[in-house]
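Residue numbers (this note's numbering), protein chains in the order written: chain A, 27 to 165; chain B, 197 to 547; chain C, 2 to 287.
The set of hints was computed from the structure by calculation and includes no laboratory data.
C-beta atoms are modelled at their ideal positions from N, C-alpha and C, and glycine is treated no differently.
Be aware that one or more of the hints could be misleading.
When the alpha-carbon atoms are kept at most 25 Å apart in a straight line, the in silico SDA-like pairs for lysine to any residue are as follows [what the hints assert, rightly or not]:
| # | chain 1 | residue 1 | chain 2 | residue 2 |
| --- | --- | --- | --- | --- |
| 1 | B | Lys259 | C | Ser236 |
| 2 | C | Lys203 | A | Arg61 |
| 3 | A | Lys161 | B | Lys332 |
| 4 | B | Lys259 | C | Val241 |
| 5 | A | Lys159 | C | Lys172 |
| 6 | C | Lys33 | B | Glu260 |
| 7 | B | Lys463 | A | Met158 |
| 8 | C | Lys176 | B | Val469 |
| 9 | B | Lys463 | A | Val63 |
| 10 | C | Lys176 | B | Glu260 |
| 11 | A | Lys161 | B | Gln258 |
| 12 | C | Lys13 | C | Asp137 |
| 13 | C | Lys203 | A | Met158 |
| 14 | C | Lys201 | B | Arg264 |
| 15 | C | Lys271 | A | Thr101 |
| 16 | B | Lys224 | C | Pro244 |
| 17 | A | Lys159 | C | Lys33 |
| 18 | C | Lys172 | B | His229 |
| 19 | B | Lys259 | C | Glu173 |
| 20 | B | Lys266 | C | Ser211 |
| 21 | C | Lys201 | B | Ser483 |
| 22 | C | Lys13 | B | Phe534 |
| 23 | A | Lys159 | C | Asp137 |
| 24 | B | Lys332 | B | Leu198 |
Label pairs and their in silico Cβ distance ranges [unchecked claim]:
| # | chain 1 | residue 1 | chain 2 | residue 2 | range |
| --- | --- | --- | --- | --- | --- |
| 25 | C | Ser22 | B | Phe424 | 51 to 57 Å |
| 26 | A | His93 | C | Ile18 | 38 to 44 Å |
| 27 | B | Ile203 | C | Arg117 | 25 to 31 Å |
| 28 | B | Asp243 | C | Glu257 | 39 to 45 Å |
| 29 | B | Leu271 | A | Met66 | 36 to 42 Å |
| 30 | A | Gly95 | C | Glu258 | 51 to 57 Å |
| 31 | C | Glu95 | B | Asp331 | 40 to 46 Å |
| 32 | B | Asp243 | C | Glu95 | 46 to 52 Å |
| 33 | C | Glu95 | B | Glu275 | 47 to 53 Å |
| 34 | B | Glu275 | A | Glu30 | 27 to 33 Å |
| 35 | C | Arg70 | A | Glu146 | 48 to 54 Å |
| 36 | B | Arg400 | C | Arg117 | 29 to 35 Å |
| 37 | B | Ile455 | A | Glu30 | 33 to 39 Å |
Below, each chain spelled out in residue letters.
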Amino acid sequence: MSFEPKILGIACNWCTYTGADLAGTTRLEYPQNVRVVRVMCSSRINPSFIFRAFQLGADGVLVGGCHPGDCHYNTGNLYARRRLATAKKILEFAGIEPGRFRVEWISASEGNKFAEVVEEFTNQIKNLGPQMKLKIQEP
Amino acid sequence: MLKKIVIDEISQLTAVLMEMGTLIAPVKEISGHNFMEIADPGQVDLDFYNTIMSPKSAFFPQKEDFVRYKTAEKLSAAETVLLDTKPVFLFGVRPCDVKSFQIMDIHFNHAGIIDPYWHHRRESTTIFGYAFDLDKPVDPADFYNTLGISASDPEGSDIFMVKKEKELLLKSITHKGEKLLAQLSALTSATSGDEQYYEEYLQRGKDYKTRFTSVDPEAIALELEDVFENTDFWKEISSACLSCGVCTFVCPTCYCFDICDDTLFSKGTRRRVWDACMFTDFTLEASGHNPRTQVYQRLRQKFCHKYSFHIRKYGVISCVGCGRCTRSCPVNIDIFAFVNIATRAKWYQRL
Amino acid sequence: MIRFKQIEERLKKEAKILLESGEVTVVLAYGKGYDEKHPMPYAAKKIADVEDLVFNEYCNHNMARYLVRYPQGTKIAIAVKAADSRAVVQLIQEEKVKRDDLVLLGIPIHGMKDPRTGEVIDGKTTCGMYTPVLYDVLLNDDVHGHKISPYDVLAKYEAMDKDERWEFWKKELDKCIRCYACRKACPMCYCDPCFIDQSKPKWADKAPQSPGNMMYHLTRFHHLAGRCVDCGECSRACPVNIPLYLFHKKVAKECEEMFHQKAGMSIEDKPVLIDFRVEDSDKILE
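Same shape as in the complex, but just chain A (with noise of 0.2 Å):
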């Protein structure tokens, strides 16, 4: 059985997650392999959430919010860009691929955009293969 990555995407509730409903209801094919949660603004995401969710298991963490300049709150993803920025130079520092971990900014009307995005980082995942290192074996 090939591999199948678990990828853990956390998308903004005002652009990135209705973009994701418009590609459904367009019906675009997109791999199955992202788990979504939804948060109102990329701002609301905590670094420490990616390096949990690496070490729960995730092999891949993708974060979606609007374009900067279009924050539903105003500034929100201004400073989720810094803080977001900050973590991938911590995971890369640490050896982890810098490939698993990716921020894109996808707007409502972006459904396309929202598909390929989500097919060509699952094809990146399923090159890099399993993430092994920070993923807890035991309890």
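Fit chains B and C to the given chain A structure using the hints.
For chains B and C alone, kept in the frame of chain A given last:
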């Protein structure tokens, strides 16, 4: 029985011990020496003053799993983690640390409640005590002699080791030690000159002075009780304290622990881990109330537990003067010197 | 010629003046420890305490960590070296202390030593600056030269292959005994409760083994991003010698490159992660 071995050939002895069971001995690391389960007989290094972490983890490990369970199943289906039944050899323990095991026995191994894990490990371990090197200067942080433990005190060890130039003399102290020593063919018999050297060494050890001339535990206990309510005093001496927890973790006679259930999805382990009264949330109650939120309250608790309450309750001071707390403290707090100040230096003077 | 004795004399003089005039109620500096190589942090409150003040090459402690213990509004004089002054500036940025409540006794110095190794402390394990960035009084002449970039030491680790780096950090962080000395020694770790103490949610377990250790340290590195002033105290406090300063330096370097701001340099700055610029580029997410 007295036997000996050339120190450079110690790996012959350690190899034999490794075959007979589990060997725990000092190993050199970047930060200093520490006791470890030996995988390679050549790893053992006896060229040290004392280890950073105390050897209490041989009997009371920092993490100890008790029960493994699955959340969907009945409690009765949980499996108990079985203890290793192999004999254990704890090699190279300084006299103050050997004494600490006896103090810890009060809590884990005496009538009333016996901790089966501690008890089992104590029974299956043979302790190779190791006298301090009397030709080297004493560490300024130590005061074991002042507490009645000499630098070459064989009490509590099963086999006691003394350095003689390039050789190591090993003497059996208990019946367990004698039986083991007889089996170890890697050792050679000692000469009568060695016997004399050993006896003299034990005598010399009694005169190997550490700081502070003498200590009267009852007097300290009384004084600390007197000064307990003096908040200003405690605030003053705790002004540098970070309340981190290092002193507790390196101390051979600290024994607080926490039991936690670590569950990951449907599998979990109930385990015991070390805890420290210096941690901010040590006394955090389920209601949210915490009686010791200030650093001075926690520091006062630590001092008074070890130097007052313990003496009142068990008649023994909860300290062996190994000096680890002082050496490892990030802000160089000298715990016993503070006890000194607290008790107004009436009963002992600094050397 | 480093004149530690002269700095000590000037420190005592300034402290006496400040306490006598009532301008401050406490002077945070250094006092005698159990021997020469192990001075202790000391808070002088009475004029008689001033005599016990000490300054020598082992006075490495970052006194800024004690500032948050005093109620807001307490007038405090604090002896600061370069990184310590940056920590004070950072605390002012984060509104934990007010500039007006502090008198900074700056000590420009190069030649501080680590008591564990006897080595001179320089940019390899610290911020590489030797003159305080903020001060009211200087207790020594300005120190010139000795410029060494604080990030040079990272080159070796950045050049490593990611798997090699993972092995390195796993080995180092497995040594951690979860004593939390690093957290307590850090001037910026003042959160009560700290995330690691929380049980709802439980971020990591208490056992000193890999998963909990990783979670604790990686999260701590993130919580200090853009706030760490590279004083190196965390690594000096660690009883098992984990080179935490390496990771903190890397995060500080990345934050400097991404956001063009260094931690604790000016009291007018805002900490980088509670700020944004519209011109922040998406490139930082690559």
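For each hint, the structure was consulted:
Between the alpha carbons of lysine 259 (chain B) and serine 236 (chain C) the distance comes to roughly 24 Å, so the proposed pair stays at or under 25 Å and holds. A distance of roughly 22 Å separates the Cα atoms of lysine 203 (chain C) and arginine 61 (chain A); the hinted pair therefore holds under the 25 Å criterion. Distance check on the hinted pair: lysine 161 (chain A) and lysine 332 (chain B) sit about 48 Å apart at the alpha-carbon level, beyond 25 Å; violated. With a CA separation close to 17 Å, the supplied pair lysine 259 (chain B) and valine 241 (chain C) stays within the 25 Å bound.
A C-alpha spacing of about 12 Å is found between lysine 159 (chain A) and lysine 172 (chain C), which places the hinted pair at or below 25 Å, so the restraint holds. With a CA separation close to 40 Å, the supplied pair lysine 33 (chain C) and glutamate 260 (chain B) exceeds the 25 Å bound. Between lysine 463 (chain B) and methionine 158 (chain A), the direct Cα distance comes to roughly 18 Å. Compliance with the 25 Å bound is thereby established for this hinted pair. Straight-line distance between C-alpha atoms of lysine 176 (chain C) and valine 469 (chain B) comes to about 16 Å, which keeps the hinted pair within the 25 Å bound.
Distance check on the hinted pair: lysine 463 (chain B) and valine 63 (chain A) sit about 24 Å apart at the alpha-carbon level, within 25 Å; holds. The suggested pairing of lysine 176 (chain C) with glutamate 260 (chain B) holds, with an alpha-carbon distance near 17 Å, which does not exceed 25 Å. Only pairs whose Cα atoms come within 25 Å are accepted, and lysine 161 (chain A) paired with glutamine 258 (chain B) is accepted, the gap being roughly 22 Å. Simply put, lysine 13 (chain C) and aspartate 137 (chain C) have alpha-carbon atoms about 15 Å apart, close enough for the 25 Å limit, and the pair holds.
Taking the CA atoms of lysine 203 (chain C) and methionine 158 (chain A), the gap is about 22 Å. The hint holds against a cut of 25 Å. Of the supplied pair hints, the one linking lysine 201 (chain C) and arginine 264 (chain B) holds, its CA atoms being roughly 23 Å apart against a limit of 25 Å. Distance hint between lysine 271 (chain C) and threonine 101 (chain A) is fulfilled; the C-alpha atoms sit about 16 Å from each other, no more than 25 Å. Of the supplied pair hints, the one linking lysine 224 (chain B) and proline 244 (chain C) holds, its CA atoms being roughly 18 Å apart against a limit of 25 Å.
Simply put, lysine 159 (chain A) and lysine 33 (chain C) have alpha-carbon atoms about 46 Å apart, too far for the 25 Å limit, and the pair is violated. Simply put, lysine 172 (chain C) and histidine 229 (chain B) have alpha-carbon atoms about 17 Å apart, close enough for the 25 Å limit, and the pair holds. This hinted pair checks out: lysine 259 (chain B) and glutamate 173 (chain C) have alpha carbons roughly 18 Å apart, not beyond 25 Å. In summary, the hint linking lysine 266 (chain B) to serine 211 (chain C) is supported, as the alpha carbons are separated by about 22 Å, within the 25 Å threshold.
Between the alpha carbons of lysine 201 (chain C) and serine 483 (chain B) the distance comes to roughly 14 Å, so the proposed pair stays at or under 25 Å and holds. About 24 Å separates the Cα atoms of lysine 13 (chain C) and phenylalanine 534 (chain B), which keeps this hinted pair within 25 Å; it holds. A distance of roughly 49 Å separates the Cα atoms of lysine 159 (chain A) and aspartate 137 (chain C); the hinted pair therefore is violated under the 25 Å criterion. Taking the CA atoms of lysine 332 (chain B) and leucine 198 (chain B), the gap is about 24 Å. The hint holds against a cut of 25 Å.
For serine 22 (chain C) paired with phenylalanine 424 (chain B), a C-beta distance near 36 Å fails the hint of 51 to 57 Å. Range check, histidine 93 (chain A) to isoleucine 18 (chain C): Cβ separation about 58 Å, and the 38 to 44 Å hint is violated. In this structure, isoleucine 203 (chain B) and arginine 117 (chain C) meet the distance hint of 25 to 31 Å, their C-beta atoms being roughly 26 Å apart. With their beta carbons about 44 Å apart, aspartate 243 (chain B) and glutamate 257 (chain C) fall inside the hinted range of 39 to 45 Å.
Between leucine 271 (chain B) and methionine 66 (chain A) the beta carbons are some 40 Å apart, a value that agrees with the proposed interval 36 to 42 Å. A hinted range of 51 to 57 Å is violated for the C-beta pair glycine 95 (chain A) and glutamate 258 (chain C), which are about 23 Å apart. The given range of 40 to 46 Å is broken by glutamate 95 (chain C) and aspartate 331 (chain B), whose C-beta atoms sit roughly 54 Å from each other. Restraint check, aspartate 243 (chain B) to glutamate 95 (chain C): a C-beta distance of roughly 47 Å satisfies the suggested window 46 to 52 Å.
Between glutamate 95 (chain C) and glutamate 275 (chain B), the C-beta spacing of about 49 Å keeps the proposed range 47 to 53 Å intact. The given range of 27 to 33 Å is respected by glutamate 275 (chain B) and glutamate 30 (chain A), whose C-beta atoms sit roughly 31 Å from each other. For the pair arginine 70 (chain C) and glutamate 146 (chain A), the beta carbons lie near 51 Å from each other, so the given range of 48 to 54 Å is met. Here the CB-CB span from arginine 400 (chain B) to arginine 117 (chain C) is close to 30 Å, well matched to the stated 29 to 35 Å.
Separated by about 38 Å at the C-beta atoms, isoleucine 455 (chain B) and glutamate 30 (chain A) satisfy the suggested range of 33 to 39 Å.
Checked against the numbered hints given earlier, this structure breaks hints 3, 6, 17, 23, 25, 26, 30, 31; the rest are met.
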